[in-house]
Amino acid sequence: MSMSTERVAGETGAGHEGGTDEVRIPGRWSTVLRTMLRQRRVVVGIVVLLLLTAAAWIGPAISPWTFEERDYANFLQPPSPEHWLGTDNTGRDVFTITMVGLQKSIIIGLLVAVISTLVAAVVGSFAGYFLGVTDKALMWITDLALVLPSFLILAILFPWIRGSNWLLFVLLLAAFMWMITAKMVRGMTISLKEREYVLAARYMGVPAWKIIFRHILPNMSSLLIVDATMNVSSAIIAETSLSYFGFGVQPPDVSLGSLIAIGARQAITHPWTFVFCTGLLVVLVLAVNLIGDGLRDALDPQSKSRRA
Amino acid sequence: MTASQTRTETSVTDQRPGDAPVLEVTDLHVTFPGVGKAPDVRAVRGVSYALRRGEVLGIVGESGSGKSVSSLAAMGLLPDYAQIRGSVRLHGEELLGLDDREMAKRRGKSIAMVFQDPLSGLTPVYTVGDQIAEAVRIHNPDVGKEQAAARAVELLELVGIPNAAQRAKAFPHEFSGGMRQRAMIAIAIANQPDVIICDEPTTALDVTIQAQILDVLKTAQRETGAAIVMITHDLGVVAGFVDRVLVMYAGRPVEIGDVDDVYYRTRMPYTMGLLGSVPRLDDAGRAPLVPIKGTPPSLSDLPPGCPFAPRCPIAEPRCTAAEPELVRIGASGHRAACVRAEEVEENGWGAADIYPLPDIPDDTAAEVPRQERDVVLEVEDLVKHHPLMKGAVFKRRVGTVYAVDGISFDVRERETLGLVGESGCGKSTTLMEILSLDRPQRGRVVVLGRESGTLNSRQRFETRRELQVVFQDPMSSLDPRMPVFDIVAEPLRTHGHPKARLAARVNELLRLVGLDPAHAARYPQEFSGGQRQRIGIARALALEPRLLVLDEPVSALDVSIQAGVINLLDELKVKLGLSYLFVAHDLSVIRHIADRVAVMYLGRIVELGDVESIYRAPAHPYTQALLSAIPIPDPEKERARTHIVLEGDLPSPADPPSGCSFRTRCPKFKELGDGERRLCLDEEPQIRPLSTGDHGAACHYAQQRAVV
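Note that the protein sequences, when read in sequence, are chains A and B. In terms of the working numbering, the first sequence opens at residue 1 and continues consecutively. In terms of the working numbering, the second sequence opens at residue 309 and continues consecutively.
Hints are not guaranteed to be accurate.
As the list claims (entries may be wrong) - Label-pair ranges, simulated between beta-carbon atoms:
1. A:W29 / B:R681: 42 to 48 Å
2. A:M184 / B:Q500: 50 to 56 Å
3. B:D388 / A:F213: 42 to 48 Å
4. A:K136 / B:E531: 55 to 61 Å
5. A:M184 / B:E759: 39 to 45 Å
6. B:K703 / A:T278: 54 to 60 Å
7. A:F213 / B:E759: 30 to 36 Å
8. B:K703 / A:P207: 27 to 33 Å
9. A:R40 / B:R747: 56 to 62 Å
10. A:P207 / B:E759: 19 to 25 Å
As the list claims (entries may be wrong) - Derived lysine-lysine pairs resembling DSSO-like cross-links, with alpha carbons at most 30 Å apart:
11. A:K136 / B:K698
12. B:K698 / A:K193
13. A:K183 / A:K210
Stated by the list, open to error - Okay, the calculated bits of chain A under chain B, using three or more residues with CB under 8 Å as the criterion:
14. 191–204
15. 214–220
Calculated from the structure, these hints are not laboratory results. Just so it is clear, the structure is predicted and the values come from calculations on it, not from any experiment. The C-beta atom is built at its ideal place from N, Cα and C for all residues, glycine as well.
Build out the structure end to end from the sequences listed, making use of the hints.
Quick look at the structure:
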């Protein structure tokens, strides 16, 4: 019987192959990308983010001053043709150090946000989907991470990680930001796994991990994206406060956070040491949020702005 | 033009001089203004009717036709931003424009309403008796508390609640759905209203409970002499219950008249399509149903002219010129809004003449005797018990829910087995047990010769290919975040379909279920309910399964859409040689599509056999009651029938009665002598074959009897 249906199927398939089958059906992700790029704010966000990134890496190269160089003739000078954004207390060129700080902040902010949201999504959805022992174990770890005082741990671990790669610092920051989202994701997974499309996929023979990544996580993508964009700013701020207390980014290395910490003390008297790094932080966070909003709408076919 | 000569007022009051109407609705318009750039939604466009004392008017239409909105407008229950025009007169007094306080004096006193969902109609924190007493006292402040309480008990007795005095002290959550709806009716009739508006009062209830509620409504009407407006989509309920029918489409009445005129001398093509698309319980033939093509128009973007013209098989150019008025046709009081109504009248056309019948090929392979065909699914003594747990930290077992309690059946190749029963009887649990392919708690499930629970993961994956499912709710069965192409392609990708042929196969599947492959890039919510269900069917068919499990696949759809999906299932079965396990609570649908039927009650099969024997002469008292409770969309037949009305509700599956589980509600049990009853009390009946071939019933005193 199945052979005969296959033959029929083959025939009808062949009959149409030359005609309507030429209609190219764009895949899911390319559709998402196109809807995203149709929105002006997304384009604005992406352009701003790209400009900031470009400035952060190209800026130090085109600046007449290098990062380590100090102008001992000019301390705390306002912007001038020689020093585009003025100089700081030790005669460093503010433009150059701000751009270098921006590099660090972009990397740290984006990486921490993406990593922590990913961890939250995976832990939460696996706990919620499998329940039972998996759930107990994962939620125990989550609760444990939640009650540990993150600042203290970082402070204690600091001497140990001092000399090592800054990536370790990124991982540590991310390790203290995923728990609450993981709990939310778990709750949503428990309600989503009863949906009929999840059952349909299960009865089709789709393996559980694929169901999680294909049906469950995309259906809570708005939550995850909002979470990720919010994490970008909180990661940058967390890094700032850690740097302020001497953990995190260490001098002579700089980040937007450590620059703001220094500039804040003289914001009134020497505003150029404070305004530019703070302004860049605001613009950076704003651009990330614009992209996040657009991505959320593109992923949510019910959203109204998608059609606009 | 003849039409303009016969054109009259759209109200029907002029037909029957005599006593003044109680409720008179004239040219009612309701518009919901669009937010922002969205266009206005014109939900009701010119509804007129008049209701006399003791009269029952049925308003029928599909979802979104404006039937509920028009009655909510009459009750003054629409939100403030709704724009209402026209006139609603109660005893000659204009109701539109009254402020909320004035309306509150009339609501519940002279005009009352029964809603669809009885749970949200009652406050969970007050006892049912208090709520009825409140309805009494709010309009009669001089009635004392005791008097009101006594009246509440009296009302509960009237609506048929046993032990009324005690039950009045119960809270709504202690009532079953049917009892809550009775309490709602008690509240509605508490002040002897002149008009009761019932908005789909039985839609959320099972058929046996529906029969009880309709009985109660009839009693209530007899007691109070009230006029009733019965809003429903069920043409069967209307046939037996109402005097006159108003058919609505896209916010407008399209046909109105005495129930016999509308059912037997239908003049509007839409009404014909509606009547033709309902599968009939009393129709043994396997003729395809009449589907109405297309979907109802959006109320914010109506086509010019007759709103039904785009779907109408006899539409002409003049149909799109202007919207037709309701025009008198034939018998007095019968009106239809169709420019060709005269023609229909003269030629005596029926649904079959107007609508092109889909051509469904005969299944020649199914003529092979059943015993000689392969067994596709075999279920033997399947059991699924859920433990009832109590306590938060230390959970202990306090009982067992006997969801499925030892059922056996088989499905052969090219056969449809219908599994029917009321909600909570365990039919969905049975399906999930079969689909899970896990080892059952007891018994065996054999899918295509492979026994569940004994398979390794490879074999199980292979079996999934042959066994697919279509779900009830087309809203939640498709992933809203996936375009249709990916939804249909998912099973193919999972089972390693060659990538190069993927697009061709998906397009072919979409074409097979009657969808345009060009729409494959769209998301599910851009499709209507019927189209979504077709997408679900396409996905299920992608792997060319041999057995399709259908969990109430049409119960969420409007009748005109439902017919198309049923025809499609019929056609696919023949074309692809499928076997179906079809779960439904609608016995008319089952009669149309199934070859064999299994009737379930409290986790057991009480009757099993071929469709013809069971519908013609059911042997189990439960099947008899179930079949008898279903209203037939045929007024004369319906009036001549006597319904077997079962008492009470489905017992809790956590605490089933001893012996025969049906004995607590069984009409036969009541007629038996004490000696005979012993058997029912002590011994659980097994399915015993009856004299006629493939038909068996689980009753100690089974006796075949025609009820349809």
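Against the structure, the hints:
1. Remark: the range hint 42 to 48 Å for A:W29 to B:R681 is upheld by a beta-carbon distance near 46 Å.
2. Here the CB-CB span from A:M184 to B:Q500 is close to 53 Å, well matched to the stated 50 to 56 Å.
3. Checked against the hint of 42 to 48 Å, the pair B:D388 and A:F213 passes, with Cβ atoms roughly 46 Å apart.
4. For the pair A:K136 and B:E531, the supplied restraint of 55 to 61 Å holds, since their beta-carbon distance comes to about 59 Å.
5. With their beta carbons about 41 Å apart, A:M184 and B:E759 fall inside the hinted range of 39 to 45 Å.
6. Remark: the range hint 54 to 60 Å for B:K703 to A:T278 is upheld by a beta-carbon distance near 55 Å.
7. Checked against the hint of 30 to 36 Å, the C-beta distance between A:F213 and B:E759 comes to roughly 32 Å, which is consistent with it.
8. In this structure the hint that B:K703 and A:P207 lie 27 to 33 Å apart at CB holds, the actual value being about 31 Å.
9. For A:R40 and B:R747, the hinted distance range of 56 to 62 Å is satisfied, since their beta carbons lie about 57 Å from each other.
10. Between A:P207 and B:E759 the C-beta distance comes to about 23 Å, which sits within the given range of 19 to 25 Å.
11. For the suggested pair A:K136 and B:K698, the alpha carbons sit about 20 Å apart, so the restraint of at most 30 Å is met.
12. At most 30 Å may separate the alpha-carbon atoms for a hinted pair to count; B:K698 and A:K193 meet this at roughly 24 Å.
13. Using a Cα cut-off of 30 Å, the hinted pair A:K183 and A:K210 holds, with the two alpha carbons roughly 21 Å apart.
14. Counting residues of the stretch 191–204 of chain A whose CB falls under 8 Å from any CB of chain B gives 8; the rule of at least 3 is met.
15. Note: the stretch 214–220 of chain A has 4 residues with beta-carbon separation from chain B under 8 Å; the three-residue rule is met and the coverage holds.
When the structure is compared with the earlier hints, no violation turns up for any of them.
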